[in-house]
Amino acid sequence: MPLAIEVRGLIHKYDDVTAVNGIDLDVSEGECFGLLGPNGAGKTTTVEILEGLLEPTAGLVRVLGQSWKGNANALRQRLGIALQETTLADRLTVREIVVLFRSFHDRGVDPDAVLATVGLVDKKDEWVMKLSGGQKQRLAIACALVGEPDLLFLDEPTTGLDPQARRDLWEVVGNVVRRGKTCLLTTHYMEEAERLCHRVAIVDKGKVIALGTPAELIGRLGGSQVLEFGSAPEMTAETLEGLPGVREARHVLDRWRLTVDAAHEAVPALLERLRLHGAALTALSTHQASLDDVFVLLTGRTLRGDA
Amino acid sequence: MNPTPPRLLGPLWELVLARLREFFREPTAIFWTYGFPTVLALALGIAFSGGTDPKAIPIAVLDGPRQAARVGTLRQDPGLSVVSLCEDEARRRFEGARIVLAVSGDDEARYLFDPTHPEADATRRRVDDLLQRAAGRQDAIVTRSDLVQAPGSRYIDFLVPGLIGMNIMSSSMWGIGYALVEARKRKLLKRLAATPMKRSHFLGSFLIARMVFLATEVAAILAFAVPVFDVRFQGSILAAALLCVAGAMAFAGLGLLASSRTTSTETVSGLMNLIMLPMFVLSGVFFSASHFPDWMQAFIRPLPLTMLNDGLRAVINEGAGVGDVALPIVALAGGALVTLAVGLRWFKWT
Numbered sequence: 002m003p004l005a006i007e008v009r010g011l012i013h014k015y016d017d018v019t020a021v022n023g024i025d026l027d028v029s030e031g032e033c034f035g036l037l038g039p040n041g042a043g044k045t046t047t048v049e050i051l052e053g054l055l056e057p058t059a060g061l062v063r064v065l066g067q068s069w070k071g072n073a074n075a076l077r078q079r080l081g082i083a084l085q086e087t088t089l090a091d092r093l094t095v096r097e098i099v100v101l102f103r104s105f106h107d108r109g110v111d112p113d114a115v116l117a118t119v120g121l122v123d124k125k126d127e128w129v130m131k132l133s134g135g136q137k138q139r140l141a142i143a144c145a146l147v148g149e150p151d152l153l154f155l156d157e158p159t160t161g162l163d164p165q166a167r168r169d170l171w172e173v174v175g176n177v178v179r180r181g182k183t184c185l186l187t188t189h190y191m192e193e194a195e196r197l198c199h200r201v202a203i204v205d206k207g208k209v210i211a212l213g214t215p216a217e218l219i220g221r222l223g224g225s226q227v228l229e230f231g232s233a234p235e236m237t238a239e240t241l242e243g244l245p246g247v248r249e250a251r252h253v254l255d256r257w258r259l260t261v262d263a264a265h266e267a268v269p270a271l272l273e274r275l276r277l278h279g280a281a282l283t284a285l286s287t288h289q290a291s292l293d294d295v296f297v298l299l300t301g302r303t304l305r306g307d308a
Numbered sequence: 230m231n232p233t234p235p236r237l238l239g240p241l242w243e244l245v246l247a248r249l250r251e252f253f254r255e256p257t258a259i260f261w262t263y264g265f266p267t268v269l270a271l272a273l274g275i276a277f278s279g280g281t282d283p284k285a286i287p288i289a290v291l292d293g294p295r296q297a298a299r300v301g302t303l304r305q306d307p308g309l310s311v312v313s314l315c316e317d318e319a320r321r322r323f324e325g326a327r328i329v330l331a332v333s334g335d336d337e338a339r340y341l342f343d344p345t346h347p348e349a350d351a352t353r354r355r356v357d358d359l360l361q362r363a364a365g366r367q368d369a370i371v372t373r374s375d376l377v378q379a380p381g382s383r384y385i386d387f388l389v390p391g392l393i394g395m396n397i398m399s400s401s402m403w404g405i406g407y408a409l410v411e412a413r414k415r416k417l418l419k420r421l422a423a424t425p426m427k428r429s430h431f432l433g434s435f436l437i438a439r440m441v442f443l444a445t446e447v448a449a450i451l452a453f454a455v456p457v458f459d460v461r462f463q464g465s466i467l468a469a470a471l472l473c474v475a476g477a478m479a480f481a482g483l484g485l486l487a488s489s490r491t492t493s494t495e496t497v498s499g500l501m502n503l504i505m506l507p508m509f510v511l512s513g514v515f516f517s518a519s520h521f522p523d524w525m526q527a528f529i530r531p532l533p534l535t536m537l538n539d540g541l542r543a544v545i546n547e548g549a550g551v552g553d554v555a556l557p558i559v560a561l562a563g564g565a566l567v568t569l570a571v572g573l574r575w576f577k578w579t
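Chains as they are written, first to last, in the working numbering: chain A, 2 to 308; chain B, 230 to 579.
Quick caveat, the hints were computed from the structure, so don't treat them as lab data. By construction, the Cβ of each residue, glycine as well, lies at the ideal position given by its N, Cα and C atoms. There may be inaccurate statements among the hints.
If we take Cβ atoms under 7 angstroms as the criterion, some of the chain B residues that face chain A in the derived model are [unchecked claim]:
hint: 1; residue: P240
hint: 2; residue: E243
hint: 3; residue: A247
hint: 4; residue: E251
hint: 5; residue: R254
hint: 6; residue: K414
hint: 7; residue: R420
hint: 8; residue: T424
hint: 9; residue: P425
hint: 10; residue: M426
hint: 11; residue: R428
hint: 12; residue: T579
All chains should be modelled from the sequences, with the hints used to inform the complete structure.
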């Protein structure tokens, strides 16, 4: 499968801050690839370099088989881009904006067809200022699609949206991805990456710390479920030693996160162990293992940055 | 998917259309561009037009044996409004110029006036003539006054070209400078830089849209001032059009320069006010720049608004043609080329 994006040893420094510190990426044609990481991980910087908006400090970048130098205009004809939270003109209608963006591209699709794809047909004559946050994002995606791009960049498409608007947008992006559009998406929502992306690179502090399909990455946890609990007094690594079915134990904030094969076997054993050490349970929850747990396993912090 | 989409009118046209739509959908922009100069012309025109009937000049005759006789003599002049007063009261009435001059009621005529009042000296001579003639002075020759109203000599005639110049300056600078920084702030510039849009089309659309606004705003001021105040357009329309276009481009260039790297609308507003404010005061919008002392003229003359205003006055009020205002046209166009070129070089999209 030919590569839509090829990145080797990418480095970008802003003054004395190194935002991207040696990233390698391969994205195949027809693939939806996710860059997942907390705020400030270097996702947006990486994407802006790929979009030709920033010059990298060092490294090799090939987009659709070409480097940006000398091919900028030809490449821009073939890319579709939705930046993080852009407000397009307030007092133009949805359709006027899509027609404007269509006029920049040599080839493209009918503006009305794109509005149907993103579900904005009944808003096409509204001024942009009257749209909700989710509708504005769908308009941004319409502008990215109207040039019939060979490669689509979506930078944090659902940041700042409420849960319902986020699910609606996943629906829109999911349809585009299913039609085989090559897509690079950045997000700090693990659920978004799990639902939309074929492969995910987890990025932290300017580096790729894990790469694979969501299932592969979650598989690295060893267990399929995560058991999170707090107790008084707190348990230690020694007092938890040898619990049956526990693959991995990590202490995050004032909680323990145990990756387990089966919660129904691990919970009774854990309760027994607590009783033995005279500790009372203060909190207990279990959930299906997710990319968030992978991030915790790799960094000891959560994706939301609250540890 | 549609492999052969309807060919649109082209990106430059679409961008110009977007500019025009955004402007005409913004009510406050419409007021400041079209409404405000018209309201200003109306207010100042009414205040300073004076009409054909100048107001009578208030004077006083002070208590004394000849008071009644002098009041009688002076009241024959309809241009004077005469009251009898004691000296203390008269002195009080000089405050706030409630009277311009007082003459004593004694045998000897003594005049009291404030020499800084612009009409005081003329009033003193006028009153003196009336009193001397009443006392029997014979004029040496016969004189006669023929009143002329030269076209283009009233204050409103002076004001209208100044308002046009001021409007061209502020709408060009705000229309370019503020709009570009606003687009940068909301990352629209970055988004557009990521499309295959030609960057020259984007900035070109601003200049083309500016030409459309320029034509309509000058037309709006003239469409008001010509019928309402009978302002006569004496000179070459082509000369005025060339001046307006060169002036608008020069100010657009200054606006581009101010916005080329600025990311906050507050900063660009401050920067543009810094450029415009001195010209509002110095460049002869409301009063002639020639009131400033000679040593300042070397600074005031080359200001773009001074060149534009003086050029427009020469054309509208004095009937100048293209040749007479070639110098300001060329100077403004040259300034436009330099500022636009430098602004483009410095311009930051991301």
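(request) List in ascending order the numbers of the hints, as given earlier, that are violated by the structure. (result) Failing hints, ascending: 6, 11.
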